[in-house]
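Respectively, the protein sequence lines represent chains H and L. Quick note: the first sequence uses full-length UniProt numbering, first residue 1, plus one each step. Quick note: the second sequence uses full-length UniProt numbering, first residue 1, plus one each step.
Treat the hints as calculated values from the structure; they're not laboratory data. Fair warning: there could be bad hints in the mix.
[As the list claims (entries may be wrong)] Covered stretches of chain L (in silico footprint by chain H; criterion: 3 or more residues with CB under 8 Å from a CB of chain H, positions within the stretch not fixed):
no., segment
1, 61–73
2, 81–87
3, 91–97
Please read these numbers as outputs of a predicted model, since none were measured by experiment. For glycine and all other residues, C-beta sits at the position ideal for the given N, C-alpha and C.
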Amino acid sequence: MASSNHVPALPAEPPSSPPLVAINSPVLYDSRASQPDSEIDNLPARHPMEQRLPVSRAYHLDCDFGQSSSDPPLFSSEDSLDGADVSNYDSPRNKRKLPGPWWSPKDERNVSAPQGNELLPQKKAKFTRNYDSGVFMPSDDTVTASTDGKGVDATDGDASQVKDEDDVRTDDVEELTEDDDGDTDSYIATEDDLDVDVVYEWTEHAIDEEVELRYNAGHEGMSDIESTNTVLSGLTEFLATPCPPAVAQWRAVRAAERARQWEAAVGKNDYEKQFVKIVKQGVEENRQVYHLDNLGLCDEDLEHIGLLDVVIREPLDPGAENDVGTEYFRPFHARLTVNLNNNFLHVLSPQLFTVQFITHLSLRGNHIEELPPQIGNFKHLESLDLCNNQLKCLPYDVLRLLSPTGKLESLNLVGNPVLEKFPVNDFTTAHAKAQLVINAVHQPLHNIPAELLQASPKNTVLQWYLKYWEENQDCTKQTWYVGFTPPSYFSETGRLLPGSPAPATDNPDNFDVVVKNSLGTFGAPERWFEPPTGRSTVRSLFSTALKTALSHMTPGEIDEAIGEYGASPDLAASLTNARQHVSSGYRQLRKCHVCGNEYAVARAEWIEFWSCANPGDFTPYQSRVCSWECVPREYVRRPN
Amino acid sequence: MATEKKASEYVTLVSEDSFEFVVRRSAAIIAGTIRRSLDPTYNFEEAQKGRVVFPTISGIILEKICEYLYYHEKHAESKDVPDMEIPSELCLELLIAADYLEV
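Hey, can you work out the whole structure from these sequences and the hints?
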């Protein structure tokens, strides 16, 4: 209740006839209060506790059933039930009021009371029905301290949310018991009706407006069914959410923002114009599938792909679709299919990764050399097609998109110069051989590869095969770990430490992969580089400052800004390195794959090979970390 | 010689606008450039006087650098050290200064 501005009344006196039996008039009333003032003066002082008896102001509504739910009289001075009578409620009701705020001691308030009397002069309130009561009042200021009937309306109007009918009723009764009018029953009814009506009117009006808005915002070429669907889905969304003023304001701001983006989205060149046209058309139709193939797009042409973010999945039409039962309450999340095949994309665009609900992404036939780690943003990705690109490995983030942490089910890398320790054919040959042996000799299956390997322990393919075999026994996994390359360590400026193995991506023809299986560890090089230990783990001021700088500007801007001072070789080197990591357009720093901290220059990297059920299909995942301490311990030491 | 004079525990770092920062030697030598200039074996003037002047670093930046030196010294042996906060308006100058000082 927002009635804090009312002059507070003392709790009403305890009912002289607590169990109001079979009385329809829901007024709390004390028969003694109707006595003349002189008689009240003569009343003995009452027990203090008696005055504080809790009085439920709304509880009389329950009395309609003709049964008393009250306790029997507690004190002998109280009237018995027999005294309860309609006539008790006919006379005007006097209400004791004390001047001063409620928190002042009672004695003080009594002192200032006129004539030393507890009772203030009666003030007869006039009840008028105010038909504006359903309109929401702007602020509490309209509630004056007066006790007349207008206060009720203003208080009700303050509540900007739709109240339950019961709430409204209770509120009214509470207000009324503080007031002096008698005819409350009819008043409550009308006031209730009034409130509810106005609320309905408001909602209907809003719906009409919304419908009209959406129709006006419609466009040519949209079929009737589609536009109705769009309007309906929007309406459902609109009605499902209560709308406090702050949210409404936020929505308005966001809508304005979107409108601005929408207007601003025009292509700079013909390719981009074509692209924007297709995207806009699709968004207007709320389409889920976007074919953007063969448009000659470059990375920067994808700038406006973020428009796709507004597409929602339309609710099922219970009349038209059959399996409504299972999916009726599905979310509005879109399931977008975006095909960007056969374009000229190299590093993609940061805006692409703002579209959360891409479930199928196809990037066939582009020139992607390194997939940005932001690919991890696509939490809903189910298939990723990267055929015919220049990828050597995938970022570790893709691994998280696979089950069990993600939903990615199909990952296609055919036609990429992916790192491989040996040709796939060797593996499939070994696999075929093993199958032959298995068919010839009836032995427990898992013994076969081990036997093969013992025959020729130097055979890398067989080492991998055993690992593959062992892990493959657990059919529940979608992908499993096979081996790793020795980590490469970098200085603060991003230079390879002397003695550290070069990253496998730099010499794809000759790198080591350590594979650990039940027969031992294979493939570890003789000379194993370990990073210098005992050094302080505090990040240097140089890299801290570089990180801060990169979080505000691109490497190019930094280069420009410090150009006049002349960058030292170290600084230039680390900037070059940062430029590789924070490839153009991506302002965000990369996140460490182990600890999740952001870094500007990676301090170590290695590649892990993971296999999937398809024999010979080993996918390299590159992991980069922010400090040497983030390298897992089993990778730091040479495995035995 | 500086070693005979029992080098003072504190050294003075002077900025371009002649702010002077008296810092502990153990903290100051964390920066490679300062360490070399204070190294008694090279017998630079700085080593003799225990006072290093930086004609290219302003007082604000040098103050931040001194803060970092102490921060580094304090956390040298601890793990999971939080990065020092750097105000974004200073980061470029700090970057250049840190590059120069090898810190």
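To see whether the hints hold, each was checked on the structure:
| no. | hint | result |
| --- | --- | --- |
| 1 | 61–73 | holds (count 4) |
| 2 | 81–87 | holds (count 4) |
| 3 | 91–97 | holds (count 5) |
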